[in-house]
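Peer 1: Chains as they are written, first to last, in numbering that gives the first Met the number 0: chain A, 0 to 449; chain B, 0 to 449.
Hints listed in this document are in silico derivations from the structure and should not be mistaken for laboratory results.
Watch out, some of these pointers could steer you wrong.
When chains are identical, the list treats them as one kind, so a pair holds in a single copy or across two.
[What the hints assert, rightly or not] Taking lysine to any residue and the SDA-like style, the derived pairs with C-alpha atoms no more than 25 Å apart in a straight line are: (1) K310 / R444; (2) K188 / D117; (3) K414 / N352; (4) K381 / A114.
There are 2 protein chains.
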Amino acid sequence: MAFEITTNFIEKLVDFVNNGNESEIKNLFLKVHYADIAEVLEEVSFDEAIYIIKLLDSEKTSEILMELDEDIREKILKNLSAKEIAEEVEEMDSDDAADIIGELSEERQERVISALEDDELAADIKELLSYEEDSAGSLMAKELVKVYETWTVAGCLRKIRAQAKEVTRVHSIYVVNKEEKLVGRLSLKDLIVAKNEQKISEIYIDKVDSVNVNEEDDEVAKIMAKYDLEAIPVVDNNNVLLGRITIDDIVDVLKEEADKDYQLAAGLTQDVDSDDSIIELTKARLPWLFLGLIGGIGAFLIMEGFDEAFKGEAFVLFFFTPLIAAMAGNVGVQSSAIIVQGLANDDVKGSINSRLIKEMLLAALNGLVLAVFLFIFIWVFKGDLKTALAISVSLVIVIIVAGLIGTFVPLFLNKRGIDPAIATGPFITTSNDIFGILIYFMIARLILGI
Amino acid sequence: MAFEITTNFIEKLVDFVNNGNESEIKNLFLKVHYADIAEVLEEVSFDEAIYIIKLLDSEKTSEILMELDEDIREKILKNLSAKEIAEEVEEMDSDDAADIIGELSEERQERVISALEDDELAADIKELLSYEEDSAGSLMAKELVKVYETWTVAGCLRKIRAQAKEVTRVHSIYVVNKEEKLVGRLSLKDLIVAKNEQKISEIYIDKVDSVNVNEEDDEVAKIMAKYDLEAIPVVDNNNVLLGRITIDDIVDVLKEEADKDYQLAAGLTQDVDSDDSIIELTKARLPWLFLGLIGGIGAFLIMEGFDEAFKGEAFVLFFFTPLIAAMAGNVGVQSSAIIVQGLANDDVKGSINSRLIKEMLLAALNGLVLAVFLFIFIWVFKGDLKTALAISVSLVIVIIVAGLIGTFVPLFLNKRGIDPAIATGPFITTSNDIFGILIYFMIARLILGI
Numbered sequence: 000m001a002f003e004i005t006t007n008f009i010e011k012l013v014d015f016v017n018n019g020n021e022s023e024i025k026n027l028f029l030k031v032h033y034a035d036i037a038e039v040l041e042e043v044s045f046d047e048a049i050y051i052i053k054l055l056d057s058e059k060t061s062e063i064l065m066e067l068d069e070d071i072r073e074k075i076l077k078n079l080s081a082k083e084i085a086e087e088v089e090e091m092d093s094d095d096a097a098d099i100i101g102e103l104s105e106e107r108q109e110r111v112i113s114a115l116e117d118d119e120l121a122a123d124i125k126e127l128l129s130y131e132e133d134s135a136g137s138l139m140a141k142e143l144v145k146v147y148e149t150w151t152v153a154g155c156l157r158k159i160r161a162q163a164k165e166v167t168r169v170h171s172i173y174v175v176n177k178e179e180k181l182v183g184r185l186s187l188k189d190l191i192v193a194k195n196e197q198k199i200s201e202i203y204i205d206k207v208d209s210v211n212v213n214e215e216d217d218e219v220a221k222i223m224a225k226y227d228l229e230a231i232p233v234v235d236n237n238n239v240l241l242g243r244i245t246i247d248d249i250v251d252v253l254k255e256e257a258d259k260d261y262q263l264a265a266g267l268t269q270d271v272d273s274d275d276s277i278i279e280l281t282k283a284r285l286p287w288l289f290l291g292l293i294g295g296i297g298a299f300l301i302m303e304g305f306d307e308a309f310k311g312e313a314f315v316l317f318f319f320t321p322l323i324a325a326m327a328g329n330v331g332v333q334s335s336a337i338i339v340q341g342l343a344n345d346d347v348k349g350s351i352n353s354r355l356i357k358e359m360l361l362a363a364l365n366g367l368v369l370a371v372f373l374f375i376f377i378w379v380f381k382g383d384l385k386t387a388l389a390i391s392v393s394l395v396i397v398i399i400v401a402g403l404i405g406t407f408v409p410l411f412l413n414k415r416g417i418d419p420a421i422a423t424g425p426f427i428t429t430s431n432d433i434f435g436i437l438i439y440f441m442i443a444r445l446i447l448g449i
Numbered sequence: 000m001a002f003e004i005t006t007n008f009i010e011k012l013v014d015f016v017n018n019g020n021e022s023e024i025k026n027l028f029l030k031v032h033y034a035d036i037a038e039v040l041e042e043v044s045f046d047e048a049i050y051i052i053k054l055l056d057s058e059k060t061s062e063i064l065m066e067l068d069e070d071i072r073e074k075i076l077k078n079l080s081a082k083e084i085a086e087e088v089e090e091m092d093s094d095d096a097a098d099i100i101g102e103l104s105e106e107r108q109e110r111v112i113s114a115l116e117d118d119e120l121a122a123d124i125k126e127l128l129s130y131e132e133d134s135a136g137s138l139m140a141k142e143l144v145k146v147y148e149t150w151t152v153a154g155c156l157r158k159i160r161a162q163a164k165e166v167t168r169v170h171s172i173y174v175v176n177k178e179e180k181l182v183g184r185l186s187l188k189d190l191i192v193a194k195n196e197q198k199i200s201e202i203y204i205d206k207v208d209s210v211n212v213n214e215e216d217d218e219v220a221k222i223m224a225k226y227d228l229e230a231i232p233v234v235d236n237n238n239v240l241l242g243r244i245t246i247d248d249i250v251d252v253l254k255e256e257a258d259k260d261y262q263l264a265a266g267l268t269q270d271v272d273s274d275d276s277i278i279e280l281t282k283a284r285l286p287w288l289f290l291g292l293i294g295g296i297g298a299f300l301i302m303e304g305f306d307e308a309f310k311g312e313a314f315v316l317f318f319f320t321p322l323i324a325a326m327a328g329n330v331g332v333q334s335s336a337i338i339v340q341g342l343a344n345d346d347v348k349g350s351i352n353s354r355l356i357k358e359m360l361l362a363a364l365n366g367l368v369l370a371v372f373l374f375i376f377i378w379v380f381k382g383d384l385k386t387a388l389a390i391s392v393s394l395v396i397v398i399i400v401a402g403l404i405g406t407f408v409p410l411f412l413n414k415r416g417i418d419p420a421i422a423t424g425p426f427i428t429t430s431n432d433i434f435g436i437l438i439y440f441m442i443a444r445l446i447l448g449i
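Put together the whole structure using the sequences plus the hints.
Peer 2: Spelled out as C-alpha cells, the structure:
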C-alpha cells in the first residue's frame, strides 16, 4: 500500500535504463502495483518510459497503459507498432481494449485489430467500437459469466471454472434462456450454497436489473448508484444479453461528470488539468474571459448612458456598481448551482413556478438583510438618506432578479434538453452583472427622481 | 428497472392508506425496489409514510430507511420507539446500522443498542460508533468472510457457506493467521478453481491492499479508485483485520466530496439542496453574500479615494470598474479551480514557484489578447489613445495578479493543511475584485500621469 515515488527510486531507475540493466529494472518493479508504475512513467523522460514499456511483460504493461494520462498514452502508442499494440490489447478486458483502440486513428485501428491473434476479442472490440460514445455499449465489457437456465448446479460449476478464468471479477452469474435472453441472475455464493443436483431454473433470482445498450452512461451511473449495484448486465432491444458494466467504470463516469460540472462552474470550457500546456489552458479559459469582457463593455455602455443623469450629487452611485455587480453575480451562481445540482441528483420536483416563488422569497429575505446593512453604512458614511435609500432598495431588487435568473435559466435549459451546468459560472455572472447594473441605475433614478 | 412514480400510483397508495387496506399496500410494493419505495415515501405525507414504514416488513423497511433523505429519516426515527428502531437495525449490515444509530441522540443510542437482541451486532455497532467521523473505521462494515491460512479448501468452503449468509456481497475472502493478522486474500473464484484438499496457505495471494482504521475516508476513496478495488480490508496498527469497506460506500464519499467542492465554488457554506427550507438556504447563502457586500464596500472606498484624481477627462475610467472586477474575479476562479481540482486528484507536482511562473505566463497571454481587443474598442469608441492605453495595460496587470492570487491561495492553504476548496468561488472573487480595482486605478494614474 505504502509505495511512494522517491527521487531515490527515480534516480536508480534512470540509472538502470541508461545502462540497459534490464533485470534490475524488472526487479525494481516486481512488487509495484501497475497504477504506481504508471505514475513513475509520468515522472521519467518520454524515451525512458518507452524503453520501460517495451521491456516489461505485456501482462503488466497492458494494465499500466490503462492507468496512464491520456496525453502520455497517446504519445506512447504512437511509438509502438500495430503488432506491439495488439500484444498489449490481448491482455486486456474487451472494454479496456476497445477504449485503447478507439484512441487510435481509423487506419491504425484496423491494422491493430487485424494483428490480433484472438479472433473472438477482435470481434468483441469491433462490436464495442460500433456503439455511440457515452452509451452503455461503449462502457460495457463482453466478458461475463453466463449460464443457461436448463443447466444443473454441478454442470454450472464446471462451466464456470472454465469461463471464470477469462473474467477478472465475478460479480454475478447471468442466467439466460435458450434464445440468449436474460432471465435472471445468481451469485457465486448462491451457487456454492445450493445442492449439486439442483437445476439453475429452480434457484435463480428472476429480478435482475439491466440497461439497454443505447442507454446514456450517466443514466447508467445513476441507476447503479441508486440501486447499489456493483455490476449491471447490458441487453439489446430484444433483451438478449450483450455484456456487463462494472462499478469501477461508473466511478470514472461519476468523477468525470463531477469534474466537468465543476470546471463549467469555474469558467473552463474543456477538460484541462494543471499540467496541460499554456496553449491548451488558454483555449479552455479565454472563451469565458472574452464573454466577461463583453459583459464589462456592456456595463460600461450602461454607465455611459446614465452619465448625464448622475453627474453631480448622485455621482456616488457609480462607486457602488462593483458592489451591485458582485452581489448579482454571487446570488445568480448560488441559485443556479443549487438547481444544477438538484437536477443532477433528480431532486428537483414540482413546477418551475413554485421554484421561482421560493427563490423570490429567499432572495428577498437575503437582499433585505444585506440592504439594511448597506443602508446604515451609506447613511452614516455619506450622511445622505435619499441616496442611501436609493442604493439599498435597488440592491434588494437586483438580488431578487439575479436569483430568479439563476433559478430560471438552468430549469429552462434542462427542459430544452441542454446541459444546465453551462448556466453556472461566467454565463450567469456576466448576464447578471449587466442586468444588475441596468436595474440598479433605473431604480435609483426612479427613487431619486432624476 | 422501469419503475416510475406516477400520480396514479400515489393516489392509489394514499387511498389504500386512508382505508387501512394493508394487504393491498403490501401488494402494491411487492415488486418495487426499496430505493424506489424510499422515493415514494418522500412524495406522500409524513403520517402516511410512518404508517407504511410500520406496516412493511423490517427486512424491507431497513433498506428503505437507508435510502431516505436524512431529514425525512430523522423525522421518521423520532416517531419510532427504541424497540422498533432496534428491529430495523437488526436487518442491516453493521455499517448501515451504526450510521443510523449515530444519527440519534446519545440517550436514544443507548436505548436502541440495549434493545438489540443480537449481542454481536450490538458490540459491532458500539465499536463502529467509537471511530472518528470521516475515518475508515466509520465507513467499514464488520461483516466479511475470513479464513485461516491453516484451513483446507474443503473446510473453507464449508465455513464460507456458513459465514456467507451474513455477508450481502462476497468480494474477497480475507486470509488471516492465528493472531488474526491479515496475511492475504482469495477470491471465491480461486476457491472454486482450487482442489478440495489444498491448504489455503498454498493458494492465497499474499499481496493484499489494506487501510488503517484511522485513515481518512477521502484517502480511502483515492486508494480504491486508483487501484480499482471493489472492497478493501481495514486493519488496526497491528495489522489485525477489523472490517472491510466496499466500493458502494466510496461512491457515496466521492459524490459528497464533489458536491461539497461544487457548493464551495458556488458560494454555499453548507450542504443544502433545493428542497431545504428558506431559513436553511439563507444560512448557507448569506455568509458569502455578506463577504461580497464587504468587498463591494471596499471597492466603493477605493473609488472614492480616486475620485479627485479622475474627475474631469479621465472620468470614463470609473465606467470600466465592473469590467475590471469581473475579469479579475473570473481569472482568479479559473486558476484556483484548476489547482483545487489538481490537488484533489494528486496531480499537482513540482514547486509552488514553477506553478506561479506558468500561471503568470498564461495570464499574461490571456490578458494580452483581451487587452488588445479592449484597447481597439475604447480607441474607436472614445477616440482617446492615452485612456485606451491606460485601461488596457491595467487590465493585463490585473489579470496577471488575479491569476497569481488564484494559484497561490489554494496552494498555500493546502500546505497549511486547510481544505483548498474554500479558496474558490466568492472568496477569490471578492478579494480579486478589490485588488483588481485598486491595481487598475493605480496603474492608470501612473500611465495618465495624474
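Peer 1: Taking the hints in turn, state whether each one holds.
Peer 2: Here is what the structure says about each hint:
1. K310 / R444: Both: 12 Å inside a chain and 21 Å across chains, each within 25 Å.
2. K188 / D117: Cα proximity of K188 and D117: across copies only (24 Å, versus 31 Å in one copy).
3. K414 / N352: Within. Shortest intra-copy distance 14 Å satisfies the 25 Å Cα cut-off; inter-copy 46 Å does not.
4. K381 / A114: neither (81 Å within a copy, 67 Å between copies)
Violated hint: 4 only; the structure is consistent with all others.
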